[in-house]
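> Sequence:
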Amino acid sequence: MSSLFPALAFSAPWVLAGLVLLPVLWWLLRLTPPRPLQTVFPPLRLLLDIEKQEETPNKSPWWLTLLRLLLAALLILALAGPVWNPLTRAVSGTDPLWLIIDNGWDAANTWNQQQRLADLLIDNAVENGQPVLVIASADGQRQQATLTDATSARDHIRALEPRSWPSNREDVAKLFETSSTQAEAGAVVWLPSLLEAEGDAAFLSALAQLNADEVVVFEPEAQVIALKNLRNSAGSMEIDVTRLSASEPSAHTLMAIDSRGRAIAQQPITLDAGTESAQAVFDLPSDLRNDIAQINVVGQASSGTTFLVDERWKRRKVGILTDNLAQEAQPLLSPRYYLTRALAPFADLPGTRSRDLRQAIDDLIDKGVTVMVLANIGTLPSGAEERLSQWVENGGTLVRFAGPNMAAEVDSLIPVRLRGGDRTLGGSLSWKQPQPIGSFSEQSPFRTLAVPRDVSVSRQVLAQPSVELPDKTWASLSDGTPLVTADRRGRGQLVLFHVTADTTWSNLPLSGAFVEMLQAISRNAAAQATGTPELTETSGSSTVLAPFRVLNGKGQLTTPPPEALPVEETALAALRPTRSHQPGLYGADGAFTALNLLKPEDTLTQIDLSGAPSGSVRAYPDQQPLDLRGTLFAAVLVLALLDTLIRIFMSGALQQRFGHRAATALLIAASLAAFPMDYAKAQETDEDFFALDATLDTRLAYVLTGNDAVDEISRAGLFGLTRVLAARTALEPEAPVGVNLEQDELAFFPFLYWPIDEDMIAPSDEAITRLDAYMRNGGTVLIDTRDQLSSGSGGFSGTPARTRLRDMLASIDVPPLEPVPQDHVLTKTFYILSTFPGRYAGSPLWVEALPPANASGSRPVRVSDGVSPILITANDMASAWAIDSDGTYLFPTVPPDPSQREMAFRVGVNILMYVMTGNYKSDQVHIPALLERLGQ
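The sequence shown begins at 180 in the numbering used here and counts up one residue at a time.
Heads up, some of the hints might be wrong.
When the alpha-carbon atoms are kept at most 27 Å apart in a straight line, the in silico DSSO-like pairs for lysine-lysine are as follows [said to hold, decoys possible]:
| id | residue 1 | residue 2 |
| --- | --- | --- |
| 1 | K778 | K493 |
| 2 | K778 | K407 |
| 3 | K493 | K407 |
| 4 | K407 | K496 |
| 5 | K496 | K546 |
| 6 | K493 | K546 |
The set of hints was computed from the structure by calculation and includes no laboratory data. Quick caveat, the model's predicted, so the values are computed rather than measured.
Produce the entire structure from the sequences given, and follow the hints as far as they go.
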């Protein structure tokens, strides 16, 4: 398109060339006089009318010429197709429109904005008959980058959704090479996300080289939030919350959820202006922290705001016992010191004060340890050996370290048979030199670890050679002798380090590999205890983990799609999420490894659009494009009618028939007709429109609180419930409306949804009186305090919203209330329900108390006349029902369980059926009893 100034564009700018002809038109109009005045010539009055009474000009008046020039100019402008606030200024016609949409994980916050703008662009393409090419930057080179008609492109765009991995704009640049051979682009429109991505430089270079009439880049303005770097320390669990823009302060709430979707804890966090990241701390007992399966940012649905937790972040209880249970004389040289330093970062270390080995073992087992470490403990007392053997059989992991006291086979709790004595490597009497670690077995929990090259062993205990020894060896020295051996016993396992836990036989306790090996044993112990093997598939010399569950673009775990590929376990720690390896859980149920979006060292960097074509970057439009052709054609019609009337008046035809006054009156009336006014509409008041709108169709209504955000949630919630009612029941309400308690008539609506906001202005006494009258005359009000998450109490006090509700209801004759009993008709009006969840699930639904139950107790539903005038909940029903125009849910449930949202919709259906039909269901369920009585 072409434009005179930025806010106006024309679809056919060549028509504007007609404006050049306006001077010629002016000259022609000036030379063309109006029609001469005609006068009747009566022969008998020739002498009386000989004097001239009016003169006829020989040229058109200047104001008439100006009017006609204005008419011609408006007609030319209308034919040029003017558009106010256009999206693009591409040439219309058959030239293709290329639409590039970033749908990486960071587009989740701006996705609705991107889709709305894409729809407007497609509308323009449909009108102009333009073919459209749609490319999604996160869908890779496998997508079909071909031109389609605008209707098919609209379906493609509506099927798109944010992905759980980053965009790859380099793939888009490669697609340009194949797409550009199909057709030249009339206009290229790019809807980028906020973060830089792989291949940005190559993409911007390819974008600048496209032979397009226009390139437009709409830069979004939003915030990106992400979670990374989870730590589970001895006293708490910490996670970093990072964001893109730090210009303004922001507050968020983090929710810890277990594997069944139940909320464990929530933690608010505030990022001050100038702060890009902060730590959220969950101060919980270790057992509760071990139940956390994921951490989410409430209200932020993306794979970046969902952090998956696996065994690496769970703290197991590990007991440590050495050959000296008393206080060591040199604690920094004892095995306990090295073991404590190695285990403390990822395990809880309960202690025991008993100096009796048997009693100490009992104490640690009673404290729930999952791993027991024995360092240089030789022969075990008989009672201790039996207790340890039973504990291992039930799923415990016993880790033993060699030493002078274990230089021979001393008991049955060792994985392999040992030779007597020990082996010294190095020294004046040895031919062997200290040996480094040679390899880790692919069947061991050490398989993902790198073999340390700085560890050497100078002394060890040797295992008796056997056929089973290679299968039981987890780590070996370079000469092939075992360093770590292990064996299964029942549900548990025995592990033996053939060196000491201190530095007397090797420098292994001084290396980072010592910590990693102990952590791997702890993780493997949990898998063995639950009976789920940690390995899933072995390919060659490496373990391959299949995708078990993957995150979608909304941060929800779903079944892996066909394009999700397995990954080698050794590569998982350094792997970056892509289309082939999506964020999620890899492995098997109960034994999986999490692949999260961000690594601890990652930062969020905003995309640099300085390399985009000059003048192509612009902000998202605040208003929709406005086609001015209709307005201009209407103005042309009005001016043409006015010009016709003026010509008739100046010709004298009206004066001859009606006289001057009548002609003037007729001209004024015709001029007014040129600018029609709907007098009937002007006389109608807003109240009349409201009454017609409310009575002609059934509508759900919500109370306006004065808070735009809360009111929008109410509207979207009732809109979603309206769709469900229309799809599942015979009730087909129209779009919901908001009502003002101070002004609007409430009697038109059978049901009102009233969200309570702690900052809302308290209704006046008149409004409360109107509400009381509404409830007394059969209306039902569902009051939602929306604060179940901040207060687990089911009462009406304790939070600001509930306090505000209590104050407002003080002057209303509220009947006695009770939580919905199981024999209430609300549990059976449409669906069979036992609970009434919304976005939250903890609050009961309060209704008017029913009369006492029948003494016989034989009726499934208690009989009650009428409908409860008031329902109260704290479960935030509207947020659970809220959808946008595309049917996308606007808020996640807490916990994020799809079945909870379905139950929330069923609650809404039951409430509306109850409100609209009263107690008909109670009569229906009593039909068997009535038939039985009639038979008697």
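> Each hint needs a verdict: does it hold in this structure or not?
Status of the hints after comparison with the structure:
Taking the CA atoms of K778 and K493, the gap is near 18 Å; set against the 27 Å cutoff, the hint holds. This hinted pair checks out: K778 and K407 have alpha carbons roughly 6 Å apart, not beyond 27 Å. This hinted pair checks out: K493 and K407 have alpha carbons roughly 16 Å apart, not beyond 27 Å. Taking the CA atoms of K407 and K496, the gap is near 25 Å; set against the 27 Å cutoff, the hint holds.
For the proposed pair K496 and K546, the alpha carbon gap of about 8 Å is at most 27 Å, so the pair holds. Restraint check: the Cα-Cα separation between K493 and K546 comes to about 17 Å, which is no more than 27 Å; the hinted pair holds.
Every hint from the earlier list agrees with this structure, and none is contradicted.
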